[in-house]
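Sequences listed follow chains A and B, in order. Count the first sequence with the numbering used here and you get residues 40 to 300, in order. Count the second sequence with the numbering used here and you get residues 231 to 438, in order.
These are computed hints drawn from the structure, not numbers from a lab. Certain hints may be false.
Cut-off 27 Å, straight-line C-alpha distance, at most; resulting in silico cross-link-like pairs (DSSO-like, lysine-lysine) [to be verified]:
#1 A/K176 to A/K225
#2 B/K341 to A/K257
#3 A/K225 to B/K429
#4 A/K141 to A/K176
#5 A/K224 to A/K257
#6 A/K224 to B/K429
#7 A/K206 to A/K224
#8 A/K141 to B/K341
#9 A/K206 to A/K141
#10 B/K341 to B/K429
#11 A/K224 to A/K176
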Amino acid sequence: MTTHGRTSLADLQPRDSRAAVSRAIARRRAFGPRAGGAAAARARAGFTLMELTMGMMITGLVMAATAGLMTAVGQGWQQSESADSNASAASQVHLRLQRILKGARQIGYYRAGSISGAAGFNAAVLFWKDDVNQDGKLQNAELAVIGFQDGGDPQDAQTLRLYQIVKSSVQPDVNAEVDPTDYYKKLYEGAFFTQFMGRPDVAYTVISAGVTAAEFYKSDASTTVRPEFHYVLKLRRGSGTETEYGTAAERVATTLPVSQR
Amino acid sequence: MARLSKTTNPPATRVESRGPARVASRDTSRDGACRPRFRFCAFRAGYTLVEATIASVVLAACVAAVSGTLSASYQQTAVRGNTATAIALGEQLMEEIAAKPLDVPSGTTDKPGWSAGQVDRRLYDNVSDYHGYSDYGSSVSTPNGSAADLSDGGSYVRTVSVQNNAIPPALVGNGTASDFVLVTVTVTMPHGQATSLSKLFTRVTMVR
Numbered sequence: 040m041t042t043h044g045r046t047s048l049a050d051l052q053p054r055d056s057r058a059a060v061s062r063a064i065a066r067r068r069a070f071g072p073r074a075g076g077a078a079a080a081r082a083r084a085g086f087t088l089m090e091l092t093m094g095m096m097i098t099g100l101v102m103a104a105t106a107g108l109m110t111a112v113g114q115g116w117q118q119s120e121s122a123d124s125n126a127s128a129a130s131q132v133h134l135r136l137q138r139i140l141k142g143a144r145q146i147g148y149y150r151a152g153s154i155s156g157a158a159g160f161n162a163a164v165l166f167w168k169d170d171v172n173q174d175g176k177l178q179n180a181e182l183a184v185i186g187f188q189d190g191g192d193p194q195d196a197q198t199l200r201l202y203q204i205v206k207s208s209v210q211p212d213v214n215a216e217v218d219p220t221d222y223y224k225k226l227y228e229g230a231f232f233t234q235f236m237g238r239p240d241v242a243y244t245v246i247s248a249g250v251t252a253a254e255f256y257k258s259d260a261s262t263t264v265r266p267e268f269h270y271v272l273k274l275r276r277g278s279g280t281e282t283e284y285g286t287a288a289e290r291v292a293t294t295l296p297v298s299q300r
Numbered sequence: 231m232a233r234l235s236k237t238t239n240p241p242a243t244r245v246e247s248r249g250p251a252r253v254a255s256r257d258t259s260r261d262g263a264c265r266p267r268f269r270f271c272a273f274r275a276g277y278t279l280v281e282a283t284i285a286s287v288v289l290a291a292c293v294a295a296v297s298g299t300l301s302a303s304y305q306q307t308a309v310r311g312n313t314a315t316a317i318a319l320g321e322q323l324m325e326e327i328a329a330k331p332l333d334v335p336s337g338t339t340d341k342p343g344w345s346a347g348q349v350d351r352r353l354y355d356n357v358s359d360y361h362g363y364s365d366y367g368s369s370v371s372t373p374n375g376s377a378a379d380l381s382d383g384g385s386y387v388r389t390v391s392v393q394n395n396a397i398p399p400a401l402v403g404n405g406t407a408s409d410f411v412l413v414t415v416t417v418t419m420p421h422g423q424a425t426s427l428s429k430l431f432t433r434v435t436m437v438r
């Protein structure tokens, strides 16, 4: 049914229908009566068990890798935080000691102690911390001790402490001058150190906690312009320790007693 | 009609004659139609070599990027720790130098410094003695002769430079150049980084 060599719409529809029917018949012959439905169902079906297992395994591997990565990042952060914290703590110890010792007028008796703990006694130093009333004389209230306390004292064990006479002290000799002879030579005597530490009005503040060992050294002589005070501290860091070494030079040192020159 | 039989009948006949078992082994084009000239169907095929290579390259790039970041982070942490140690070491030496006068007290003999061959810094008696001083190692000798291991697993090099007549530009003409000394302590860290501390010293008369 052609008109002027063209196919009309009315002619095409029956032909297409016939073609579709033929294709359906062919499919039925090829796959059986229900084969067309099974193939379509297979095309629409989800993953097989094997595919799911493989997928889960790959997902698991990726998750494990991601978890490992995150753990590494977390550890890095923790390590960084720990390093910062340690550096900050060590810096604070140095700053506090420097501030106290640079302003000292005279560094007296000291016990060296031992960084290895072999000395049998704790490092300590008695010093004239400042001429508070600007009278050029040393009074009891102007004395201080920096001392290391190991585990002997359960309260604030392993600390570096600053001992001073409390401001509220009612002791009669709190403002009394300490031995005016020979530029306060008493300051260099161990007995005087013990006497000072035994005072009921002496209290301490903690300069640094977590100090496992301390060693002090003083460098002073008749020709020394600025006495040096050296300290080596072993600070607890996690399960280990870290050693810090610092020096403080007295800026306003008084005359050294003749007995010490 | 001849065209109709040509397009529909032959595939039906071929499918029927070869059976369904052969259909699975046929290639399938994008619209899902199997092409009999190929042996395998595409839905059974794996990734191509190019696809696998691209995926591997992308994965490797991602791993390298993440590893690089982690490595940089660790290195940065280590450097920060080293820097803190280096600064502490530098400050210690600087404070030791600060305790020394520019000139030895009158009536005393000037002892030789580093330049004159004296390597024991406990015997230095003025600032200039430290010029050129250098110590190296994982432990630093304390003034009482003992060694303090201050390193965090590495070695630090401390060097001292003393520059005489270091008068600040603003004071030129108003001060004596020889009254100013600039001391620089440089600490080189285990990984080669260096940090420097400088301090300007002036001549003052101290009576003790």
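Each hint tested on the structure:
1. In summary, the hint linking A/K176 to A/K225 is supported, as the alpha carbons are separated by about 13 Å, within the 27 Å threshold.
2. Straight-line distance between C-alpha atoms of B/K341 and A/K257 comes to about 20 Å, which keeps the hinted pair within the 27 Å bound.
3. A distance of roughly 36 Å separates the Cα atoms of A/K225 and B/K429; the hinted pair therefore is violated under the 27 Å criterion.
4. Restraint check for A/K141 and A/K176: satisfied, since their Cα atoms lie roughly 18 Å apart, inside the 27 Å limit.
5. Distance check on the hinted pair: A/K224 and A/K257 sit about 16 Å apart at the alpha-carbon level, within 27 Å; holds.
6. Restraint check for A/K224 and B/K429: the C-alpha separation of about 34 Å exceeds 27 Å, so the hint is violated.
7. Annotation: proposed proximity of A/K206 to A/K224 holds, straight-line Cα distance about 25 Å (limit 27 Å).
8. Our distance criterion of 27 Å between C-alpha atoms is met by A/K141 and B/K341, whose separation comes to about 26 Å.
9. About 22 Å separates the Cα atoms of A/K206 and A/K141, which keeps this hinted pair within 27 Å; it holds.
10. Taking the CA atoms of B/K341 and B/K429, the gap is near 23 Å; set against the 27 Å cutoff, the hint holds.
11. Restraint check for A/K224 and A/K176: the C-alpha separation of about 13 Å stays at or below 27 Å, so the hint holds.
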